[in-house]
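Asks: The chain contents come next:
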Amino acid sequence: MSTGSSSNSATATNAAGKAATGKAGGPILSLRGISKTFGAVAALTDIDLEVSAGEVLALVGDNGAGKSTLVKVLSGVHTADAGTITFQGEQVTIQNPAAAQRLGIATVYQDLALCENLNVIENLFLGQEIRPARLDSVAMEVKSWELLRQLSAKLPTLRIPIASLSGGQRQTVAIARSLLGDPKVVILDEPTAALGVAQTAEVLNLVERLRDNGHAVIMISHSMPDVRAVADTVAVLRLGRNNGVFAVKDVSNEDIIAAITGATDNVVSRRAARTTDGHDSAADDSAADGAAADGAAADEAADDEAANERDERS
Amino acid sequence: MTDLTSPAAAVATDLQDERLRQGAGLRGALQATLSRVRGGDLGLLPVILGLVVIGIVFQILNDNFLSSANLANLLMESVPVGVISLGLVCVLLTGQIDLSVGSVSGLSSAVTAVLFVDQGWSPWLAVVAAVAMGAVIGLVYAQVFIRFGVPSFVITLAGLLAFLGIQLKVLGKDGSINLPFDSGLVTFAQLKFVPAWMSYVLVALIAAGLFATGYLGARERRRARLSATSTTALAVRSAALLVGSAAVVWYLYQDGRGIGWMFVLFVALVIILNYALTRTKWGKSVFAVGGNVEAARRAGINVRAVYTSVFVLGTSLAAFGGVLAAARLAAANQSSGGGDVNLNAIAAVVIGGTSLFGGRGSAYASLLGILVIQSISSGLTLLNLDSAYRFTVTGIVLLLAVILDSVARKSRASHGRA
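Residue numbers (numbering that gives the first Met the number 0), protein chains in the order written: chain H, 0 to 313; chain C, 0 to 417.
It is worth saying that the hints were derived from the structure and are not from the lab. Honestly, I wouldn't trust all of these hints.
Some chain C residues judged to face chain H by a derived CB distance under 10 Å, without partners named [said to hold, decoys possible]:
1) Thr-12
2) Glu-219
3) Arg-220
4) Leu-225
5) Arg-278
6) Thr-279
7) Trp-281
8) Lys-283
9) Ser-284
10) Ala-287
11) Gly-289
12) Asn-291
13) Asn-301
14) Ser-354
15) Gly-357
16) Ala-412
Glycine included, every Cβ here is placed at the ideal spot set by N, Cα and C.
Looking at chain H on its own, in the form it has when it is part of the complex (with noise of 0.2 Å):
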């Protein structure tokens, strides 16, 4: 049943994917066949992704799915072993952070890299300073206030550490700084994965921005709702291999996490049919739910058992 379902989903889905990309013109960044091994790990095989300008993709996928190595293929922290990256319809090399800067990725890793004994200015400018020679700290100052208002940061002064900044404003320094290129792609690794509710919500509404002023987004992201709130398209990983694209719209859930977890019974949908005790509409959408629903303790942990050996299988 699982194994069957995930590459089911995988056909259905890619025409779903073309369709949703179709929209904005052209894709501005694809990516074919690439893979990436580490010793004996195979950490991506043969991924293909594409997306275009002013579009969010979700790329979403369990631990170890490969989400974080191939956002460092593409912000060329690791180089990929295979396969080719196409940008504004070029075939490119990624060698290393700086050439995809400036190709024009930008990538806000999850630990957001700063260096924390400079300062906000500094972070923002480092690498990118104007005049090189003899620093233009005041258009670097103007700049990043600029930049700041922009994004509404709440920040009081620049002048201060990193060190002395909330998990939420470093954030948004982190972000601001990816902007700074004016890049066509920006990467966000797990971007609310720290923040509180309305700091969540502030980024959320960065990416919008983000889209609306006509870059191409990826965000990684393990919260179902940012999801949904904001990706025009989802791109599911899993254990290195592309499981499906969605268009946003026209997935439920259930069928993200189906994805996710390779399977459509799975320790997401049985929680979610305990939890609901089965009275809740979401519970209708497979049979799977109604199944763990109607079944006692001791069945939900033989179900256990069979889908951990499924999922070992597949």
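Using the hints, position chain C against chain H.
Replies: Here is chain C on its own, set in the frame of chain H:
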């Protein structure tokens, strides 16, 4: 300038947040400094206070200590190790260390002496060769560090031994080479002093330069509608520097020989390095690598080039310091660069407030740090106490400096200035 008075520009772009509490003008600048110090951002304050305390204590113990002759001598004496520590600042800022600066400076002394005296080279050519040799050593360190990932601690520890061996070999059987007293090198290090009037001119130039750069910078900031230091505050600062320095110069020329050109050279190097560290892209990369290597790499900084530059700068300045030491002593021997040179250079940098963990420090650190070290050394020599006391006292002062740094760091953390 019109922005200053026009009400439209009442609040600068960077002061609009209502959470900011900041006074205006001279008073505001003073308050800001005070609260910064309270928050643990001590800057150069501890080392300046340390110098004052050392001065008072030794003056009480021996009233020759603060004599202008002794102070003039102290300034000259501090230059060779000061130059060595200047290079070390760059290495420490990236979070690495160079333990071999003493050996490299010793080898450089020996090479200069051999090329100049034994081989009959022009002295300036010999100096260039010695400094170039230093640069090559740094290049080798950087390559080993980058390619094999060996900790710099171990690489330079190996260098310490190896270059000491080469120094002994270069000096040959005699183990000591004297430089002729009438050579330009030795007279530069021992006899060339700035005439009194020119010292005043230099001091005035530095104060005027400080005011001019401050004023032009402030004007540019006001034009961009950013907050800026008031002209009064700038003028007061420059005037204070002018009066203070002029008083020191006046005192040094009372019965001493005044300020040596070698010390002027050292100060010039400090100012140049300070500019490079604070006002260039390279300087920001050095701090970034010291703060977070991975972040620096992802920001597109060529981290290998930064490491290479600091190692090369470290060993080149160490070699140049060795040349100056040989010139000052008018000789190169087996103990050149040995003994406490290594640790004094490191201690000077740390006492000056440069963090051993990278990412924090300044070029002025080495200037003030070496003055502390040299004052202690000079004071104990005046008291006829031997190296046993000197080593011990220097060690204790170094420990105090590190403790102070740790306490200040905790305070910074709790005041949100870490």
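Asks: Hint by hint, say whether it matches the structure.
Replies: Right, here's what the structure says about each hint:
Given hint, C/Thr-12 at the interface with chain H, holds; its Cβ is 5 Å from that chain's nearest Cβ, closer than 10 Å. A distance limit of 10 Å between C-beta atoms decides the matter here; for C/Glu-219 the minimum to chain H is near 5 Å, and the interface restraint holds. The interface hint given for C/Arg-220 is met, as the beta carbon of that residue sits about 5 Å from the closest beta carbon of chain H, less than 10 Å. Of the supplied interface hints, the one on C/Leu-225 holds, with its beta-carbon coming within about 6 Å of a beta-carbon of chain H, less than 10 Å.
With 10 Å as the threshold, the beta carbon of C/Arg-278 comes within range of chain H, its nearest partner Cβ sitting at about 5 Å, so the hint holds. A least Cβ separation of about 6 Å between C/Thr-279 and chain H falls short of the 10 Å threshold, and the interface hint therefore holds. Look at C/Trp-281: its Cβ gets to within about 8 Å of chain H, closer than 10 Å, so that hint holds up. Hint on C/Lys-283 holds. Least Cβ distance to chain H is approximately 6 Å, under the 10 Å limit.
At about 8 Å, the closest approach between the beta carbon of C/Ser-284 and any beta carbon in chain H falls short of 10 Å, and the interface hint on this residue holds. The interface hint given for C/Ala-287 holds, since its Cβ lies 5 Å from the closest Cβ of chain H, which is under the 10 Å cut-off. Hint status for C/Gly-289 relative to chain H: holds, with the closest Cβ pair at about 7 Å, below 10 Å. The restraint placing C/Asn-291 at the interface with chain H holds, with a minimum CB-CB distance near 5 Å, inside the 10 Å limit.
For C/Asn-301, the shortest C-beta to C-beta distance to chain H is roughly 8 Å, which falls under 10 Å, so the interface hint holds. A distance limit of 10 Å between C-beta atoms decides the matter here; for C/Ser-354 the minimum to chain H is near 9 Å, and the interface restraint holds. Taking 10 Å as the C-beta contact cut-off toward chain H, the hint placing C/Gly-357 at the interface holds, the least distance being around 8 Å. For C/Ala-412, the interface hint holds, since its Cβ comes within 10 Å of a Cβ in chain H; the closest pair sits about 8 Å apart.
Hint compliance for this structure: no hint is broken.
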